[in-house]
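Residue numbers (our numbering), protein chains in the order written: chain G, 1 to 132; chain Z, 1 to 264.
These are calculated hints, taken from the structure and not from any lab test. There may be inaccurate statements among the hints.
[To be verified] Some but not every residue of chain G turned toward chain Z, in silico, with C-beta under 10 Å:
| id | residue |
| --- | --- |
| 1 | L11 |
| 2 | V56 |
| 3 | S80 |
| 4 | T93 |
Built from N, CA and C at the ideal position, the CB exists for glycine as well.
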Amino acid sequence: MKLPQAVVPVLVLVCAGLGLGAGKLIAVPSVVKDLAPVGGNPLRTTVFVVDGVRCVDTATRAAAQLAGVPGAVRFVAFASRNRVEITFDPAVTGPATLREAVEGPVYDEASGEYLFNVFDVVEVDGVRVANP
Amino acid sequence: MRRLRIALQIGLVIATAVAGVRYAMGTSMASVEKYCPFGGLETAYALVARQRFTCAAGELNLSLFIALLLLTLLARKAFCGWVCPLGAVFEWTGRLGRRLFKRQTYEGLLHLSPRTDAVLKVVFRIAVLGVILAATWTTGELVFRGYDPYYVLFSAHGHDVRMWSYGILAALLGLGMLLPLAWCKYLCPLGTALWPFSSAGRLRLRRSDDHCTGCGACSRACPQALEVSGVPEVRSGECTLCLECTEACPAPGALELHWKGRGR
């Protein structure tokens with residue numbers, strides 16, 4: 001069957017649109033870390049968009065920032081979207097404390113030094129936040 | 001159609017470069033890696049084996065790779081000729097080389113025999129794809145970033161890019177002038193992964209003996225240096241449907257786009 005040449009760019013654009021659009025339908029985490037056993041209290045999950053969480057390594061580092069934070073129960077990162085979901089016990093902690101922990105100085109094992117401004121929370125539960 | 005393709009290529013090269021600079025400057029959180037469909041293939045193993053993505057590869061890479069497979073099954077390697085910003089840069093380098101060395105065709109100054117060309121296309125690039133996938137799948141890291149000309153060229157000195165990375169890029173661009181599209185033909189791992197799908201692609205260019213004058217303009221215009229004038233149908237998995245051959249053809253109706261039906 002003979003076809004007009006315009007079919008090539010049309011197919012290219014349709015498939016590009018499908019590829020760009022379908023990415024939003026897939027959700028597979030890059031890192032999942034259980035930080036503490038689930039207690040009896042009802043839990044809450046807050047979604048952070050974190051500048052600095054861009055791959056498995058950086059997401060693992062961000063998860064380590066929450067180690068020992070009371071009330072932080074579970075950390076799930078979607079690195080390619082810079083998205084982090086933290087489940088916590090609202091009776092013990094809150095989004096502000098968790099944000100502070102994520103943005104805190106990061107211990108770099110290779111150099112033995114603390115690194116500052118590694119992670120920067122830019123959005124909490126869909127609301128952009130001001131940064132100092 | 002040629003103008004549309006060139007406009008699309010220029011637009012995508014500029015958009016990718018801008019995305020790289022914005023990410024490097026910290027005004028955007030989307031790295032150029034995010035838009036590479038090969039990342040989808042690199043992360044496929046981790047996704048199946050561990051239900052996790054590899055390194056910085058993610059959902060968008062995967063969906064772009066799946067969409068690319070669909071496009072390739074329909075329109076062969078149209079991605080390479082119409083979308084890929086690196087393919088565009090190498091095509092332009094090939095053009096420059098053709099002008100510089102006053103060549104009639106895109107065969108280039110380094111003329112490879114059909115046997116060498118076939119060996120390189122099959123053995124060499126399958127080896128390249130195999131090494132990259134094996135290393136990525138075993139380490140869980142995008143270990144070839146520093147060697148990847150797409151990343152080196154567009155990431156604005158991104159993570160893992162070293163001085164030698166620019167040396168490799170310069171060597172590949174130089175090689176691209178002597179042997180047009182050398183990267184795309186013999187090294188590109190994405191092109192290799194698409195190859196079997198492209199060979200089965202439905203859209204084909206057919207040459208009509210009734211209209212064809214046998215001038216060979218189509219073969220001379222083909223950036224992939226395919227022998228368009230010598231075959232009734234372009235079956236090569238390398239055809240990017242760039243339509244340069246149809247633009248160059250002086251005989252109306254001699255080269256036309258067809259949908260390959262079952263059993264034909």
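Okay, the hints, checked on the actual structure:
For L11(G), the interface hint holds, since its Cβ comes within 10 Å of a Cβ in chain Z; the closest pair sits about 5 Å apart. Look at V56(G): its Cβ gets to within about 5 Å of chain Z, closer than 10 Å, so that hint holds up. Taking 10 Å as the C-beta contact cut-off toward chain Z, the hint placing S80(G) at the interface holds, the least distance being around 2 Å. At a threshold of 10 Å, the smallest CB-CB gap from T93(G) to chain Z is about 26 Å, leaving the interface hint violated.
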